[in-house]
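Next come the chains, spelled out residue by residue.
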Amino acid sequence: MSKKSLLSAAVLVAAISAVSACGGSGSDAGANTEVNILGYAALFEDKYTEAVISKFEEEHSEIDVNFVPAQNSAEMLGKLRSEKANPTVDVAIIDTSVANTGNKEGVFSKITEDDVPNLANVVDMGKSADGFGPAVTFDNLVVLHNTEKVPQAPNEVGDLWNAPDKSVAIPAPPDIQGIALTVLTANNLGDDYKQSIDPAIAKLGELAPKVTTWDPQPDVYQTVISGQAQYAIGWNARAQVFSDESGGTLGVVQPEDGVAFQINTINAVEGAKNAEAAKTFIDFALSKEAQESFADTMFYTPTVSNAELSEDTKKRVASPEDPNIVDIDWNWMSDERDAWTEQWRRGVIGG
Amino acid sequence: MTLTQMGSRKRTTGFRSRRRWELFGLLFPGLLGIFVGFVLPVFVMFRMSLNTHGTGGQLVESVSLGAYRDALTDPFYWEVIGNTLVLGLGCGAAATVLSYPLALFLVRTTSKWKGVLIALAIAPLLTSAVARTYGWIAILGDQGVINDSLMRIGVLDAPIQLSNNLLGTTIALVEILMPYAILAMISGFGRISPSLEEAAGSLGASKLKTFVRITLPLSLPGVFTGFLLVFVLAISSFVTPRLLGGGRVFILATEVYNEATQTLNWPLASALSVILLVVFGLMIAVYQRLIAKFEG
Chain L
412 MSKKSLLSAA VLVAAISAVS ACGGSGSDAG ANTEVNILGY AALFEDKYTE
462 AVISKFEEEH SEIDVNFVPA QNSAEMLGKL RSEKANPTVD VAIIDTSVAN
512 TGNKEGVFSK ITEDDVPNLA NVVDMGKSAD GFGPAVTFDN LVVLHNTEKV
562 PQAPNEVGDL WNAPDKSVAI PAPPDIQGIA LTVLTANNLG DDYKQSIDPA
612 IAKLGELAPK VTTWDPQPDV YQTVISGQAQ YAIGWNARAQ VFSDESGGTL
662 GVVQPEDGVA FQINTINAVE GAKNAEAAKT FIDFALSKEA QESFADTMFY
712 TPTVSNAELS EDTKKRVASP EDPNIVDIDW NWMSDERDAW TEQWRRGVIG
762 G
Chain A
100 MTLTQMGSRK RTTGFRSRRR WELFGLLFPG LLGIFVGFVL PVFVMFRMSL
150 NTHGTGGQLV ESVSLGAYRD ALTDPFYWEV IGNTLVLGLG CGAAATVLSY
200 PLALFLVRTT SKWKGVLIAL AIAPLLTSAV ARTYGWIAIL GDQGVINDSL
250 MRIGVLDAPI QLSNNLLGTT IALVEILMPY AILAMISGFG RISPSLEEAA
300 GSLGASKLKT FVRITLPLSL PGVFTGFLLV FVLAISSFVT PRLLGGGRVF
350 ILATEVYNEA TQTLNWPLAS ALSVILLVVF GLMIAVYQRL IAKFEG
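In order, the protein sequence lines correspond to chains L and A. Counting in my numbering, the first sequence runs from 412 upward without gaps. Counting in my numbering, the second sequence runs from 100 upward without gaps.
Worth flagging that the hints you see were computed from the coordinates, not collected in a lab. All of these numbers come straight from a predicted model, not from anything done at the bench. There may be inaccurate statements among the hints.
Covered stretches of chain A, as calculated for chain L (at least 3 residues, CB under 8 Å) [stated by the list, open to error]:
#1 122 to 132
#2 232 to 245
#3 342 to 354
#4 357 to 368
To list a few chain L residues with every Cβ distance to chain A over 10 Å, as calculated [what the hints assert, rightly or not]:
#5 476
#6 483
#7 489
#8 658
#9 734
The C-beta atom is built at its ideal place from N, Cα and C for all residues, glycine as well.
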């Protein structure tokens, strides 16, 4: 072998050794492992980092958490679909109806109590019948109003029908807030939404003249705070935060005529590179400490039975044991969303 | 054939072959860019449109025209296609009419500020369409500048709805897209020789007659280019219809977004995108016919 060949081989061996030594494996002795969490961007990211992730990192200093933000659940599923063969995230916090689609497509793996002991504390409404990711947050539909422009606060969803013309903002389907409003309207009429929503659509058609926008921008909360609309519907957690930030201009009412829950699930990504760290994080996210902290910070209802909330937080979140809960089968709904959207466009928005 | 002639032909053939390879070499980076950035994504989108939409938004790999059948047999999507065309044609016509005199003035002016005036005409492009759309929300809203002013001076008792509908969307889009029409027309009008108008004038034609018989026909290729540009930008616009439509403006771009990101029906979203592409193609074919007619 010539000197030149020997030199080349030596350089190659040295390079391979160097690459092996610096390899991205998080399992090297002394190096931190990581866990990549896919979740909602902006407000959720900020509050979740503050309330949960920072506490997790304090408790598990050997694991670094990276939050990967996305605008909505569908965007998250799109990302997970596109990188199914080589996922770059380990955990996804995602709406239950979209998570159900991911479960069917094999995007997420099942979770057991052996892997995640705190799964045992998740309330029945938050458990997956098929053993996939459980609920990590509950939220509920609330009625919003601008306290500076509305003299008498509404008490229930039904009060929206008494609002002045062009004063209400409703995020129409396919937005799930519009879907939840349809369920509550059907419930108020004494109908089973799984049988027919025709009477609810007719009732919502009567609401149409009161509505200024069916697609509030940039979101329903700012639309009410700025006075572009005086009434609206929205999700409790964000509404409570924006109510505080607006100095009370945004009024939030827990409706007396029905509580409609929305569920975010926490899921282990199938084929995740940091599967063990992912299980550790999911277990922490379902712990009493994390659930209470996030409820105090962003007013999401805890999904575990052992969480104890302060009196102040209790007043601002709905309880999963509230007798007024109108049960929504979000998995069933994911098949009906297109049809409901079409009914809205024909019978409510265009009606 | 002599040996000299054969040698000469061989050299010519070799030269042509080398020229062809040089040409290909020069075009290759651009062709590669078009293939990777346009042809491949369009193919992937077309392939996606042949998949089917399973229960709960599940994506089922298949080869089916079901998504096209769903789109083309549902009256709602015909209404969406109609709305898209109305928006495109309305914006195209309004932007063309409003931009024409400005473009003609900018081409003809002999002012020393001509460069500055042209820069001012296209300056709105320096601001994003999102920011300008929010500006229009502030102007057209129920508590916006227009309604507020008209109510203060007693013209109106209650605000008129200028936003959260097709009217507001069209007004904003026309303003947002006008610089493109102006630019296209300026480049088209530059080819009109002023000596033709001077000749018409010297033969006794009035200014109006000169405009109708000389200037307008000669400027039509520029007008068509401006119209086409605004039309394609309007029918593919998403931000302005989304922000100013108030959930009442259903066009192809907003439906593609809803199907892709809300109901997770990717095959239908892809099929609607392909339909939008076909509308583009048809419009470009019409444009080329018109250009051939007026230039040929």
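Evaluation of the provided hints:
1. Under a criterion of three residues with beta carbons nearer than 8 Å to beta carbons of chain L, the stated coverage of the stretch 122 to 132 of chain A fails, only 0 such residues being counted.
2. Given a C-beta distance limit of less than 8 Å, the hint that chain L covers the stretch 232 to 245 of chain A holds, as 4 residues qualify and 3 suffice.
3. A stretch counts as covered by a chain when three or more of its residues have a beta carbon under 8 Å from one of that chain; for the stretch 342 to 354 of chain A and chain L the count is 6, and the coverage holds.
4. Restraint check on the stretch 357 to 368 of chain A versus chain L: 7 residues with Cβ-Cβ distances below 8 Å, three needed, restraint holds.
5. For residue 476 of chain L, the requirement that its beta carbon stay farther than 10 Å from each beta carbon of chain A is met, with the minimum near 26 Å.
6. Non-interface call for residue 483 of chain L relative to chain A: violated, since the shortest CB-CB distance, roughly 6 Å, does not exceed 10 Å.
7. Not every beta carbon of chain A lies more than 10 Å from that of residue 489 of chain L, the smallest distance being close to 8 Å; the non-interface claim is violated.
8. For residue 658 of chain L, the non-interface assignment is confirmed: its Cβ lies about 20 Å from the closest Cβ of chain A, beyond the 10 Å cut-off.
9. The Cβ of residue 734 of chain L sits about 30 Å from the closest Cβ of chain A, beyond the 10 Å cut-off, so the non-interface label holds.
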